[in-house]
Amino acid sequence: EDQVTQSPEALRLQEGESSSLNCSYTVSGLRGLFWYRQDPGKGPEFLFTLYSAGEEKEKERLKATLTKKESFLHITAPKPEDSATYLCAVHSYSGGGADGLTFGKGTHLIIQP
Amino acid sequence: DTEVTQTPKHLVMGMTNKKSLKCEQHMGHRAMYWYKQKAKKPPELMFVYSYEKLSINESVPSRFSPECPNSSLLNLHLHALQPEDSALYLCASSPTGNEQFFGPGTRLTVL
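Those sequence lines, one after another, are chains A and B. First residue of the first sequence? That's 7 in the working numbering, and the numbers climb one at a time after it. First residue of the second sequence? That's 1066 in the working numbering, and the numbers climb one at a time after it.
Keep in mind that a hint or two might mislead.
To give an idea of the interface, some chain A residues facing chain B are shown, with a C-beta separation under 8 Å as derived from the structure [claimed, not checked]: (1) 16; (2) 17; (3) 20; (4) 47; (5) 52; (6) 83; (7) 85; (8) 86; (9) 90; (10) 99.
Within a straight-line C-alpha distance of at most 27 Å, the following computed DSSO-like cross-link-like pairs (lysine-lysine) qualify [claimed, not checked]: (11) B:1106 / A:75; (12) B:1083 / A:111; (13) B:1101 / B:1083; (14) B:1105 / A:69; (15) A:74 / B:1118; (16) A:85 / A:63; (17) B:1103 / B:1087; (18) A:74 / A:63; (19) B:1087 / A:69; (20) B:1101 / A:85; (21) A:75 / B:1105; (22) A:48 / A:74; (23) B:1118 / B:1083; (24) A:65 / B:1118; (25) A:75 / B:1118; (26) B:1106 / A:85; (27) B:1106 / A:74; (28) B:1087 / A:65; (29) A:111 / A:63; (30) A:63 / A:48; (31) B:1087 / A:85; (32) B:1105 / A:65; (33) B:1083 / A:75; (34) B:1074 / B:1101; (35) B:1118 / B:1105; (36) A:111 / B:1106; (37) A:111 / A:65; (38) A:111 / A:75; (39) B:1074 / A:75; (40) B:1084 / B:1101.
If you are wondering where the hints come from, they were derived from the structure by calculation, not from laboratory data. The model shown is predicted, which means the values in this text are computed figures rather than measured ones. Glycine is no exception: its CB is placed at the ideal position from the N, C-alpha and C atoms.
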């Protein structure tokens, strides 16, 4: 069974204070690891897909990296508008086809001005 | 058109009502999904449609009935729901069956 663990559960930073969110995963065969941003009461917004260890993706102040056991979402010089819940999800080969994602519980990020 | 749309945004229904949630995408994606999300919890998979055929049903109670009339449209029919079914219902679509793109959700309240 696929498992995804995110840490910390909550993180409060000052504006401009860089940090990293962690996503540890256990899957039988990784088809993809995904990062999403979710604002309260809204659907998850797609950020990145990572497929293999060593891969990195960047978008504005966010950078996602992947190893064989975990992924990090680095946030550089965050702004208050970066406040949200960040979800990590995996898709594995165990499902055999189009099937669902396994999500972590998320990291609730608050950026204070 | 690069988004998944869901209607209605909010729905309040009684336990004896019948209602439907609607999801549309015009990106030519081959797979569509229904997820349920309770407050402060991650999304949980309910159903998967691949090429308009139901491929996964995650042991969801029969009071939830999915329908895929065509490749762009996905419905979720609701009947005799319980208060514990109150949640955010999310639709997603995928071009490859891998990365998924979510709609804004329907906030359902069952009285």
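Exercise. Below or equal to 27 Å on CA atoms is what counts here, so check residue 75 of chain A against residue 1105 of chain B.
Key: The given pair, whose Cα atoms are some 25 Å apart, holds under the 27 Å limit.
Exercise. Quickly compare the C-alpha distance for residue 1106 of chain B and residue 85 of chain A to 27 Å and report which way the hint goes.
Key: Answer holds: residue 1106 of chain B to residue 85 of chain A is near 25 Å, not above 27 Å.
Quiz item: Quick one, are residue 1074 of chain B and residue 75 of chain A close enough, alpha carbons at most 27 Å?
Solution: violated (38 Å)
Exercise. Starting from residue 1087 of chain B, check that the Cα of residue 85 of chain A is at most 27 Å away, please.
Key: violated (35 Å)
Quiz item: Is residue 1101 of chain B within 27 Å of residue 85 of chain A, Cα to Cα?
Solution: violated (30 Å)
Quiz item: Under the criterion that the straight-line Cα-Cα distance not exceed 27 Å, is the pair residue 1087 of chain B, residue 69 of chain A satisfied?
Solution: Given that 27 Å is the threshold and the Cα spacing comes to 34 Å, the pair is violated.
Quiz item: Is it true that the CA of residue 1083 of chain B sits at most 27 Å from the CA of residue 111 of chain A?
Solution: violated (32 Å)
Quiz item: Between residue 1105 of chain B and residue 69 of chain A, does the CA-CA distance stay at or below 27 Å?
Solution: holds (25 Å)
Self-check item: Pair hint residue 85 of chain A and residue 63 of chain A, alpha-carbon separation not exceeding 27 Å
Solution: Distance of about 20 Å is within 27 Å: holds.
Self-check item: Given hint residue 99 of chain A near chain B, where the shortest CB pair must fall under 8 Å
Solution: Nearest chain B Cβ about 11 Å off; hint violated.
Exercise. Decide if the proposed pair is consistent with the structure: residue 1105 of chain B and residue 65 of chain A, CA atoms, cutoff 27 Å inclusive.
Key: This hinted pair holds, its Cα atoms lying about 26 Å apart.
Quiz item: Is residue 75 of chain A close enough to residue 1118 of chain B, meaning Cα to Cα at most 27 Å?
Solution: violated (34 Å)
The earlier numbered hints that this structure contradicts are 1, 2, 3, 6, 7, 8, 9, 10, 12, 15, 19, 20, 22, 24, 25, 28, 31, 33, 35 and 39.
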